[in-house]
Amino acid sequence: MTGAGGRKRARPGEGARLRTELLAAAERILDAEGEDAVTVRGVAAAVGVTTPSVYLHFASRLELLHAVCLGVWAELGRSMSEAASGVDDPFSALHRRCVTYIAFGLEHPLRYRLVMDGRATEASRQVAADCFRYLAEAVEPCVTSGALRGDVAELTRTICAGLHGSVALIAQQPPETWPHDLDAYATNTASSVAFGAAALGRLPDPSATPDSDTLAELFTTPSATRTASGPSRSSTP
1 MTGAGGRKRA
11 RPGEGARLRT
21 ELLAAAERIL
31 DAEGEDAVTV
41 RGVAAAVGVT
51 TPSVYLHFAS
61 RLELLHAVCL
71 GVWAELGRSM
81 SEAASGVDDP
91 FSALHRRCVT
101 YIAFGLEHPL
111 RYRLVMDGRA
121 TEASRQVAAD
131 CFRYLAEAVE
141 PCVTSGALRG
151 DVAELTRTIC
161 AGLHGSVALI
171 AQQPPETWPH
181 DLDAYATNTA
191 SSVAFGAAAL
201 GRLPDPSATP
211 DSDTLAELFT
221 TPSATRTASG
231 PSRSSTP
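Numbering-wise, the numbering used here puts 14 at position 14 of the sequence shown, and it's gapless, one number per residue.
Everything labelled a hint here was simulated from the structure, so no lab data went into it. Note that this is a predicted model, so its numbers are computed, not measured. Treat the hints with caution; some may be incorrect.
To be verified - Derived Cβ-Cβ restraints for the label pairs, each shown as a range:
#	residue 1	residue 2	range
1	A37	E154	40 to 48 Å
2	R41	R17	14 to 22 Å
3	A161	G71	48 to 56 Å
All C-beta atoms, glycine included, are put in the ideal place defined by N, C-alpha and C.
With the hints as constraints, model all of the structure from the sequences given.
Here it is as structure tokens:
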């Protein structure tokens, strides 16, 4: 027996294959025509099934879009692990994961915006939980070593907020307004986020408004003081 569009009705156990076909069709439309072109009816027509058949697998158009994006988001965890592979210093490993997160978001701006902005779905909640876990895995060794001070979950939440903001700020803008050197942007912003988290744990009162004296106390070292006042007596001209 055939359904609308001439496609044979799925046999028991073929639902997973249909879901895969629906995702592939939605991804083709997304890449070729953009977000607005992805509709439940259009995806159903592309696969040759009825619209209700799509709703058997995805509760809404948004859920379908988010499920499409998960295919790319699955790469993030692997990329973060690879970036920090073989790095012994925990703070350096955290920094590399932060750089990777920003670079990933800017490499896939449409999929980043679709999942991270707007109403939550099961897929977007999964992505958020995975991102938190990827970063917490790097934050915990930093706390153990003393590079970061504070609660692992709170520090991870702060870092996640900084990284997400740095991507969302750029991804929502036209490409012609983006920084010319995205690698430098990712590296510098990751440094700001990571060092900011490190400084936060060293403030006498993190909830108080910091001032210039606090800044000097945190970041002025004896070596920096000597450099500012001139070379030491043992230095050669």
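Hints, one by one, checked against the model:
no.	hint	verdict
1	A37 x E154: 40 to 48 Å	41 Å, holds
2	R41 x R17: 14 to 22 Å	21 Å, holds
3	A161 x G71: 48 to 56 Å	26 Å, violated
Hint compliance for this structure: hint 3 alone is broken.
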